[in-house]
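A.B. asks: Under my numbering, think of the first position of the sequence shown as 3, with each following residue one higher.
Since the hints were derived computationally from the structure, they do not count as laboratory data.
The C-beta atom is built at its ideal place from N, Cα and C for all residues, glycine as well.
Heads up, some of the hints might be wrong.
To be verified - Computed beta-carbon distance windows for the label pairs: (1) L201 with S13: 24 to 30 Å; (2) V199 with L238: 49 to 55 Å; (3) F249 with W17: 18 to 24 Å; (4) L197 with V252: 46 to 52 Å; (5) R193 with P150: 37 to 43 Å; (6) G20 with R193: 42 to 48 Å; (7) L76 with P228: 33 to 39 Å; (8) R71 with S181: 19 to 25 Å; (9) N231 with A178: 41 to 47 Å; (10) V202 with V248: 22 to 28 Å.
Stated by the list, open to error - Below, computed lysine-lysine pairings styled on DSBU-like, alpha-carbon distance capped at 35 Å: (11) K176 with K196; (12) K151 with K234; (13) K234 with K176; (14) K44 with K57.
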Amino acid sequence: MTEITVFNFRSGNTWVHGLDVRVKLAALVLLSLSSVHISPLKLTAMIAALLCLFKYLDLSFISVFRELRFFLILLLIIFTTRMLSASDVPAYSIGPIAISLDGILQGVVVCLRLILVVALGLILVASTRYSEIKRAVEWALTPFPFIPKRRVATMIGLLLRFIPVIFNEAREIKDAQRSRAIEARKNPVYRIVKLVVPLVRRTFLRAEKLALAMEARCYQEMRTDPQFNFSKKDGLILAMLIVFLVFGLVF
Numbered sequence: 003m004t005e006i007t008v009f010n011f012r013s014g015n016t017w018v019h020g021l022d023v024r025v026k027l028a029a030l031v032l033l034s035l036s037s038v039h040i041s042p043l044k045l046t047a048m049i050a051a052l053l054c055l056f057k058y059l060d061l062s063f064i065s066v067f068r069e070l071r072f073f074l075i076l077l078l079i080i081f082t083t084r085m086l087s088a089s090d091v092p093a094y095s096i097g098p099i100a101i102s103l104d105g106i107l108q109g110v111v112v113c114l115r116l117i118l119v120v121a122l123g124l125i126l127v128a129s130t131r132y133s134e135i136k137r138a139v140e141w142a143l144t145p146f147p148f149i150p151k152r153r154v155a156t157m158i159g160l161l162l163r164f165i166p167v168i169f170n171e172a173r174e175i176k177d178a179q180r181s182r183a184i185e186a187r188k189n190p191v192y193r194i195v196k197l198v199v200p201l202v203r204r205t206f207l208r209a210e211k212l213a214l215a216m217e218a219r220c221y222q223e224m225r226t227d228p229q230f231n232f233s234k235k236d237g238l239i240l241a242m243l244i245v246f247l248v249f250g251l252v253f
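Using the sequences and the accompanying hints, generate a full structural model.
C.D. replies: Spelled out as structure tokens, the structure:
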């Protein structure tokens with residue numbers, strides 16, 4: 003049975019759940035783009051506000067940390083690379099390794115931007131049904147006549163559904179390896195190969211079974227999608243978001 007992860011939709015009656023999905027997507031895009039231009043202090047404040055939303059949506063920080071631990075390793079690699087590649091005058095030197103304050107600041111800012119984008123994505127997925135996200139993507143692609151909007155929206159919807167499935171497959175494989183003492187091997191390459199190869203194989207098998215099931219049920223792109231429900235509250239939230247972004251970029 004598939005376990006609930008941080009990438010699953012969580013039903014609720016919060017004001018975040020009740021927002022129009024287009025407003026949520028607009029917030030994700032606008033806040034992500036604005037992170038390129040605002041100061042590190044404002045970035046930190048935005049992330050702190052999003053962490054409060056995590057608590058409000060009953061997202062466990064322990065679960066988020068456990069599911070995104072590899073992302074944290076990626077952040078550490080990015081931070082180290084930026085710290086060592088800055089062209090500023092080094093503040094500390096250890097042999098050929100030079101560390102500058104400008105490099106440290108650049109690494110922190112890049113990591114904060116990535117954390118902001120990931121946090122926004124988790125809030126969107128946790129408070130929005132996959133079918134609604136699919137419908138919003140299709141609506142956003144309507145102005146582009148040469149893009150198969152329904153097909154693209156279906157692909158994104160299936161991708162979002164597959165993310166928690168892949169995580170559960172990885173968890174099952176790791177449990178099986180732990181029972182066979184594979185994690186006790188000192189060779190990290192061996193452990194990675196024994197995890198990645200069966201994970202890729204099982205993912206492709208899952209995708210093939212899903213494609214066969216959709217074909218057997220005569221799946222078509224022309225389906226009845228959920229309707230949008232844009233209310234005054236959504237307009238107010240969107241206006242507040244725009245004012246906040248303008249204020250944050252100007253001041």
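A.B. asks: Compare the structure with each hint and give your call.
C.D. replies: Results for each hint:
1. L201 with S13: 24 to 30 Å: Check passed, 29 Å falls within 24 to 30 Å.
2. V199 with L238: 49 to 55 Å: 51 Å, holds
3. F249 with W17: 18 to 24 Å: 22 Å, holds
4. L197 with V252: 46 to 52 Å: The hint (46 to 52 Å, Cβ to Cβ) holds, given that L197 and V252 are roughly 48 Å apart.
5. R193 with P150: 37 to 43 Å: At 41 Å between Cβs, range holds.
6. G20 with R193: 42 to 48 Å: 45 Å, holds
7. L76 with P228: 33 to 39 Å: Given a distance of about 34 Å, which is inside 33 to 39 Å, the answer is holds.
8. R71 with S181: 19 to 25 Å: The hinted range 19 to 25 Å holds for R71 and S181, with Cβ atoms some 21 Å apart.
9. N231 with A178: 41 to 47 Å: 44 Å, holds
10. V202 with V248: 22 to 28 Å: Given about 45 Å between the Cβ atoms, the range is violated.
11. K176 with K196: 9 Å, holds
12. K151 with K234: Within the cut-off at roughly 28 Å; holds.
13. K234 with K176: At roughly 48 Å apart (the allowed maximum being 35 Å), K176 and K234 break the hint.
14. K44 with K57: Given that 35 Å is the threshold and the Cα spacing comes to 20 Å, the pair holds.
Figure legend: structure checked against the earlier numbered hints; hints not met, in rising order: 10 and 13.
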